[in-house]
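Visitor: In order, the protein sequence lines correspond to chains X and R.
Sequential numbering from 1 applies to the first sequence in the working numbering.
Sequential numbering from 1 applies to the second sequence in the working numbering.
Do not take every clue at face value.
Stated by the list, open to error - When the alpha-carbon atoms are kept at most 16 angstroms apart in a straight line, the in silico EDC-like pairs for lysine to aspartate or glutamate are as follows: (1) R:K2 / R:E27; (2) R:K2 / X:E27; (3) X:K2 / X:E27; (4) X:K2 / R:E68; (5) X:K2 / R:E70.
These aren't lab readings, by the way, just hints derived from the structure by calculation.
There are 2 protein chains.
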Amino acid sequence: MKNLTDLADIPPIQVWDGIRARRVQGEQVTLAIVELDPGAVAPEHRHPNEQNGMVVSGTMTFRIADEERELGPGGTWRILAGMPHSARAGAEGAVVIDVFSPIRADWDALPTLDLESPRWPPG
Amino acid sequence: MKNLTDLADIPPIQVWDGIRARRVQGEQVTLAIVELDPGAVAPEHRHPNEQNGMVVSGTMTFRIADEERELGPGGTWRILAGMPHSARAGAEGAVVIDVFSPIRADWDALPTLDLESPRWPPG
Numbered sequence: 001m002k003n004l005t006d007l008a009d010i011p012p013i014q015v016w017d018g019i020r021a022r023r024v025q026g027e028q029v030t031l032a033i034v035e036l037d038p039g040a041v042a043p044e045h046r047h048p049n050e051q052n053g054m055v056v057s058g059t060m061t062f063r064i065a066d067e068e069r070e071l072g073p074g075g076t077w078r079i080l081a082g083m084p085h086s087a088r089a090g091a092e093g094a095v096v097i098d099v100f101s102p103i104r105a106d107w108d109a110l111p112t113l114d115l116e117s118p119r120w121p122p123g
Numbered sequence: 001m002k003n004l005t006d007l008a009d010i011p012p013i014q015v016w017d018g019i020r021a022r023r024v025q026g027e028q029v030t031l032a033i034v035e036l037d038p039g040a041v042a043p044e045h046r047h048p049n050e051q052n053g054m055v056v057s058g059t060m061t062f063r064i065a066d067e068e069r070e071l072g073p074g075g076t077w078r079i080l081a082g083m084p085h086s087a088r089a090g091a092e093g094a095v096v097i098d099v100f101s102p103i104r105a106d107w108d109a110l111p112t113l114d115l116e117s118p119r120w121p122p123g
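Start from the sequences and build out the full structure, keeping to the hints where you can.
Guide: As structure tokens, this is what we get:
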């Protein structure tokens with residue numbers, strides 16, 4: 001694996017209905033660039049991996065335990081290991097960064113999709 | 001600390017000359033949103049923290065060991081623990097994501113700047 005890679009050269013994986021991710025995978029951190037279709041839902045779940053993230057474009061309603069907010073570009077989250085969380089993309093969908101440690105090795109089992117242009121960056 | 005926070009509400013820290021970072025700090029991952037002034041340089045260095053990242057806006061020339069490239073939005077890097085790396089922002093500067101694990105506890109010693117509007121997102 002090269003260490004300098006364009007997002008457009010990384011094939012996406014299917015995470016949930018209407019939710020795809022491209023990964024920059026290290027040994028300790030998964031940096032994921034995630035595309036959510038309009039209204040796509042990540043149902044409440046939890047995992048041992050800590051997860052921090054930020055909206056890059058679009059909007060998303062995010063819930064962590066009892067805290068819920070709509071986030072636009074620059075909106076961030078911090079989900080310590082094991083905390084229940086859920087999210088729902090807004091009417092235009094969203095592109096977000098999600099980082100995990102330990103790496104999301106369980107994602108290796110998800111289906112890899114054909115290489116296609118990422119929704120972000122534009123152009 | 002709240003778990004859902006806007007970038008604009010996070011005070012930056014001074015990392016290098018012309019390079020500032022805002023952090024979403026977890027226990028295992030530091031998610032940093034880093035602003036580089038035009039031409040700002042992160043001189044070659046290395047650290048035990050693994051570091052993955054991506055350009056959000058602007059351009060940057062990135063070098064990891066013997067691999068060097070100019071990256072624009074969507075350009076990514078993967079720096080395993082201990083690998084030497086350096087970077088130089090392009091003529092318009094850059095805003096980038098850098099994620100580290102273990103967390104950059106050493107950054108706690110850096111000066112915290114006044115709260116100011118982040119260069120990204122625009123507006």
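Visitor: If a hint holds in the structure, say so; if it does not, say that too.
Guide: Against the structure, the hints:
1. R:K2 / R:E27: Distance of about 14 angstroms is within 16 angstroms: holds.
2. R:K2 / X:E27: violated (28 angstroms)
3. X:K2 / X:E27: holds (14 angstroms)
4. X:K2 / R:E68: holds (11 angstroms)
5. X:K2 / R:E70: Distance of about 14 angstroms is within 16 angstroms: holds.
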